[in-house]
Each structure stands twice: as C-alpha cells, then as structure tokens.
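Given next are the chains, with one letter for each unit.
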Amino acid sequence: MTSLLAVLIDGSIYASWLFLVAAGLTVIYGVMRILNMAHGSFYAIGAYSAASLVGWYFNNGMGPAWVSYLLLVGAALVAGLIVGVIVERGLLRLMYGRDEILMVIITYALLLILEDGMKIVWGVSPYFAYQPYSELGRTSLGLLKVSNYDVALVGVSALLGLGLWAWLERTNQGKVLRAVIHDREIAVAMGVNVKLMFTITFVLGTTLGALAGALTAPAISVVPGIGIEVIVLAFAVVVIGGLGSIGGAAVGALLVGLSRAAAVHYAPEFELFVIYGVMSLVLAFRPEGLFGRTLVRKI
Amino acid sequence: MRLDKTEISLGLVALACVLFGFVSPGWLIFLLTIALAKALVVQGVVMQMRSGLVSFGQGLFYCIGGYTVGMGGQFFGIHDAIAALSLGMFVAIVIAMLLGLLLTRYREIFFAMLSLAFSMILFGILVKSQELGSTDGFNVHDWTLFGWAPEAGAGSQHTVFTMTVVAGLIVAVLLHRYTKAGVGVICEAVRENEVRVEYLGLSPRWLLYGNYVAAAAVSALGGGLTALATGHVDPEMAYWTTSGEFVFIALLGGLGHVAAPFIAAIVFSFVRTYAIEFVPHTWQMILGFTLLAVIIFLPKGLWSLVSREKTGERA
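Sequence lines, in order, name chains A and B.
Under our numbering, think of the first position of the first sequence as 1, with each following residue one higher.
Under our numbering, think of the first position of the second sequence as 1, with each following residue one higher.
No lab work stands behind these hints: they were computed from the structure.
Here the structure is a predicted model, which is why all the values come from computation and not from measurement.
Cβ atoms here follow ideal geometry from the backbone N, Cα and C, with glycine treated the same way.
Take the hints with a grain of salt, since some may be wrong.
[To be verified] Below, a list of computed lysine to aspartate or glutamate pairs in the DMTMM-like style, where the Cα atoms sit at most 20 Å apart:
{"no.": "1", "chain 1": "A", "residue 1": "K119", "chain 2": "A", "residue 2": "E269"}
{"no.": "2", "chain 1": "A", "residue 1": "K195", "chain 2": "A", "residue 2": "D99"}
{"no.": "3", "chain 1": "B", "residue 1": "K300", "chain 2": "B", "residue 2": "E108"}
{"no.": "4", "chain 1": "B", "residue 1": "K128", "chain 2": "A", "residue 2": "E185"}
{"no.": "5", "chain 1": "B", "residue 1": "K128", "chain 2": "A", "residue 2": "E269"}
{"no.": "6", "chain 1": "B", "residue 1": "K180", "chain 2": "B", "residue 2": "D4"}
{"no.": "7", "chain 1": "B", "residue 1": "K300", "chain 2": "A", "residue 2": "E100"}
{"no.": "8", "chain 1": "A", "residue 1": "K119", "chain 2": "A", "residue 2": "E135"}
{"no.": "9", "chain 1": "A", "residue 1": "K145", "chain 2": "A", "residue 2": "E135"}
{"no.": "10", "chain 1": "A", "residue 1": "K175", "chain 2": "A", "residue 2": "E185"}
{"no.": "11", "chain 1": "B", "residue 1": "K128", "chain 2": "A", "residue 2": "E271"}
{"no.": "12", "chain 1": "A", "residue 1": "K145", "chain 2": "A", "residue 2": "E229"}
{"no.": "13", "chain 1": "A", "residue 1": "K119", "chain 2": "A", "residue 2": "E100"}
{"no.": "14", "chain 1": "A", "residue 1": "K119", "chain 2": "B", "residue 2": "E277"}
{"no.": "15", "chain 1": "B", "residue 1": "K128", "chain 2": "B", "residue 2": "E236"}
{"no.": "16", "chain 1": "B", "residue 1": "K300", "chain 2": "B", "residue 2": "E192"}
{"no.": "17", "chain 1": "B", "residue 1": "K300", "chain 2": "A", "residue 2": "D10"}
[What the hints assert, rightly or not] Some chain A residues well away from chain B (every beta-carbon gap over 12 Å; in silico):
{"no.": "18", "residue": "S52"}
{"no.": "19", "residue": "L91"}
{"no.": "20", "residue": "F128"}
{"no.": "21", "residue": "A236"}
{"no.": "22", "residue": "I240"}
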C-alpha cells in the first residue's frame with residue numbers, strides 16, 4: 001500500500017515536472033511547426049540564471065527567503081524573454097518555410113551553440129540554489145516524507161496548464177493563435193499578423209522552458225548537459241500526447257511520470273526503458289499521438 | 001564485372017590508404033580508422049536521407065554492431081574479427097527487419113523521433129545492465145583474423161585500419177551501384193513525391209524498408225569496426241547525441257556522391273580532435289555554426305564544392 005502511494009506521489013511530482021518542461025515545446029510546435037531541439041537548452045539557461053541569481057542572493061543579502069522564489073521566476077522570465085527574442089528574430093525568422101525536418105536540424109545546431117554558450121557564460125562547475133527547496137521543509141505522510149517544494153511544483157504546474165488552456169481557449173489572442181494553428185495562410189488573409197504571433201509564441205515557449213529550468217534548479221545541481229538529458233524526455237512526452245496539444249502534453253506527462261515511478265519502485269532496471277517503451281507503444285498504435293490530429297496527405 | 005570511373009578511383013584511393021597505413025604514425029592511423037568506421041554509419045544515414053528520411057537514431061545500429069562484437073568475444077568465444085563483424089551485421093539486420101515494419105509507416109519528424117526513441121531504449125537497457133558494465137561499458141576481447149592473431153597495440157591497430165579501408169571500399173562500391181541502379185534512383189523520387197511513386201505502381205514503403213535494413217547492416221559494420229579499433233564499447237554509442245553527430249556528418253558531406261560521407265567524416269574527426277585540444281569549451285559551438293553555415297550556404301554539403309566546379313567546366 002505504501003509503495004503504491006509512493007508511486008502515485010512520485011509519479012505525479014515527476015509528471016508535473018515533465019509537463020513544465022514539455023509545455024513550451026508543444027506550444028512552439030503547435031503554432032510554428034518547429035520541433036525545437038534547443039528547448040532543453042532554454043531549460044538549462046533558465047536553471048543557470050535562477051541558480052546563479054538565487055545563489056548570489058543568499059550568499060550576500062540573506063534577506064527574507066520568500067524573495068528567492070520571486071527571483072527564481074524573475075530570472076526565468078528575463079532569461080527566456082531575452083534568449084527567445086534573440087533566437088527568433090536573429091535565426092529562426094531567416095529559416096521559416098523550410099522543411100519541418102530541416103528545422104529540427106537547424107534547432108539542433110542551435111542546441112550545440114547554446115550548450116557551449118552556457119559553458120562560456122557560467123563555466124563548467126556546478127551551481128547550487130538549494131535554499132528555496134530546503135526552506136519549505138517536508139511533510140510526513142505515514143512512512144513517506146514528501147518535500148513541500150515538490151508538492152508546490154505540482155500546483156504550479158497545474159496552474160500553468162490551466163492558464164495556458166484558458167489563454168488559448170478563452171481570450172481573443174488565443175483565438176487568433178488557434179486560427180494560425182488551423183491554417184496559417186487563411187489566417188494571414190484574414191489580417192492576422194502571423195509574424196508577430198510567431199514571435200509571441202516562440203518567446204512564450206522559451207520562457208516556459210526557462211521557467212521549468214528555474215523551478216527545477218533548487219532541486220538539482222545545475223551542471224553542463226542537463227538540457228541534453230531533458231530534451232529527449234520532453235520529446236517523449238509531447239509525442240505521446242500528440243505534438244502541439246497542451247492537453248496531450250499533460251496526459252503524456254502523467255503517463256510517463258506514473259510509469260517511470262512504477263518502474264523505479266518495482267523494477268528499477270527498466271527506469272529509462274519504460275519511458276521510451278511507452279512512447280514507442282503509443283506511436284505504434286496512434287502515430288499522431290493520443291491527442292494529435294490526423295494529417296491529410298498532400299500530393 | 002565492369003568498373004566505372006568512380007569505382008576505379010575509389011579502389012585507387014583505398015589502395016593508397018592501405019599503403020599510407022604502413023608509413024603513417026599510429027595516432028593518425030587510429031584517427032582515420034575511427035573516422036572511416038563512423039563514415040560507414042553515416043552511409044546508413046545518407047541512404048535514408050536520399051529517400052527523405054532523417055534518422056536521429058542510427059546510433060542504435062552503431063551500438064548493436066559494437067556490442068555484438070564485444071559480447072561475441074566476451075561471452076560466446078567468437079574471436080575471429082570477420083565472424084564477429086558479420087554476427088553484428090546479422091543481429092542488426094534481424095532487429096532492423098522487426099523495427100522497420102513499424103518505422104516505415106512514419107515520415108519526417110515522426111520517423112526521426114521514433115528512431116531516436118528506439119536508440120534511447122537500447123541506451124536505457126544497457127545503462128541498467130550490470131553484466132555489460134552499465135554506463136562504463138566493457139573492453140573488447142583480443143581478436144584474431146582467420147586464426148592469425150595480430151600483435152597487440154600497433155599491429156592490431158594497423159590491421160583494423162586495413163580492414164576498415166577494405167570494408168569502406170566494398171560498401172562504397174555497392175552503394176555506388178545501388179544509387180545508379182533503378183531502385184536507387186526511385187529513392188530520390190520517393191523523397192520528391194511519394195504519392196506519385198505509388199501511382200507509378202511501386203511501393204515506397206517496401207523500398208524504404210529495404211533501405212532501412214540495409215542501412216542498419218552498414219551502420220552495424222561501422223560500429224563493429226569502431227569496437228575493434230578502440231577495444232571498448234559503452235552505452236554512449238546509442239545515446240541520441242551520437243546519432244546527432246552522424247546526422248551532422250551526413251549533412252556536412254551531402255548526398256551528392258558516395259565518397260562524400262568518408263571525406264566529411266575525416267574532416268569532422270580532424271576538426272573535432274583539434275578543437276577539443278585548443279578550444280575545449282567552444283567546439284560544439286563551432287559545430288553548430290558550421291552546421292548552420294552548411295544549411296544556408298552549402299545545402300548540398302561539402303561535396304557541392306567539388307561538383308560545382310565540374311558543372312562550371314561543362315557550361
């Protein structure tokens with residue numbers, strides 16, 4: 001019983017983390033049809049910015065701890081905004097209209113550039129910003145001890161998902177964005193500024209990625225290469241859910257999160273296997289993902 | 001068997017390589033062996049690219065080839081290099097025949113992602129298997145060639161080099177014939193417009209299937225030779241960044257000529273070796289900018305530098 005509870009708790013924590021990481025990726029794909037390999041790097045940039053800022057705050061000021069949470073989020077927003085605008089305006093804008101698969105390779109080049117860019121800015125030694133994590137303490141649930149920070153992460157993730165959904169489904173801007181998703185050309189013909197929508201979407205996506213990194217930073221040591229590990233996980237999640245679907249990403253995250261937690265508790269040797277196993281299984285039966293739309297072949 | 005100009009030049013270059021092996025220093029031999037072995041894997045990527053599919057998981061077969069060679073020596077007493085390499089190719093073919101049934105239903109990014117997922121599955125299994133050394137991998141047993149055991153160190157290095165050159169030559173000639181043959185030309189037609197190929201009464205799916213299986217065999221050969229050359233295998237061979245490297249080299253060389261992947265792999269290996277030596281924290285960045293430059297300025301790869309000259313002469 002305890003282990004089942006542990007699986008559920010671990011699974012939902014891991015799932016909420018996965019959703020945070022994958023949300024930006026799926027938003028960008030949905031609107032722009034770019035499968036962004038550099039998304040993991042945005043995550044890493046967010047983690048580095050947050051860790052260095054929060055680390056600096058605690059090393060010098062020792063002000064109230066709640067400020068550090070604002071710093072986490074603030075660092076992510078600023079980093080995501082800056083990097084997003086630079087990448088979209090400076091690189092991707094020149095590449096629009098190319099094959100989807102070529103865009104994958106272009107963002108792969110971007111990943112290589114950003115990975116080393118981070119080493120130049122932040123060096124190769126690890127950064128720590130554990131204070132926001134330890135500050136919140138732990139809650140005991142029977143035999144289990146759960147970190148409150150992780151529980152809060154579940155809440156943040158759920159709020160973010162709801163917010164994104166509400167923005168897309170309930171606001172005017174969201175409506176326009178959905179029009180772009182459905183048919184880019186008709187949207188242009190109806191007077192939608194697609195270029196602007198692309199910039200907004202991309203910056204939103206990078207900021208979400210950076211935010212995921214920043215919120216994860218207190219729980220890990222921030223070292224080079226974290227983005228490389230994360231991106232394949234995020235791929236698995238969005239592909240399972242259906243590329244471009246936010247609801248799909250949530251379901252994909254739950255599926256992957258719970259199966260990984262189950263594997264960790266019952267059959268640890270299958271920990272990694274299970275993630276990509278689920279992905280292959282879903283793709284085998286529903287190539288467009290659980291919530292993806294079927295594309296009509298064009299001649 | 002009539003040889004055309006390309007085949008004769010390939011043969012001559014291979015001969016020159018083998019002879020060069022006798023005079024060149026050991027480090028260069030090693031670097032070239034690895035580069036050529038990787039080029040074989042890249043040939044697998046290029047084969048699929050010609051028909052429009054980008055595999056972000058060719059490391060799967062690279063790893064299968066390497067691990068089969070390693071495990072053959074370690075657990076099954078297969079010490080003959082040729083037998084081990086063939087076994088690696090055989091295992092890769094069997095697995096590719098199974099996975100291919102599923103994979104050939106996908107195109108574009110879905111093919112890329114699913115192939116990536118499969119190589120990550122293998123990575124996940126290898127990382128967790130203690131008997132195979134987990135993340136550290138294990139050493140490849142000393143091997144023989146038709147009962148003859150090359151002396152350890154320089155001797156075996158030289159032998160692997162020669163074997164790699166010969167394997168490269170055979171693969172290059174076969175692939176050259178394949179691309180010139182009707183079925184090879186259809187690959188490009190599939191890339192251009194698959195539905196029309198279907199209307200012509202051909203099955204793109206089975207073509208892609210055959211392509212996928214053949215590419216797997218070639219890549220496994222490259223992986224096996226790498227294992228023999230380095231004397232070590234580890235799960236990193238199946239990690240997705242390794243596959244990304246193969247895609248990189250494939251784009252660097254382009255699809256223009258069967259020799260392009262070899263040249264690109266050698267250029268890549270040299271640049272990488274020196275870049276890691278002199279600018280360890282920016283070499284990936286250099287790769288990234290190079291990749292962007294190739295996509296923007298040389299969309300047909302390095303080979304277009306050579307072939308452009310030729311068309312210029314003709315005009």
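Query raised in the report: Any hints this thing doesn't respect? Which numbers, in order?
Result: 1, 4, 8, 12, 13, 17, 19, 21, 22
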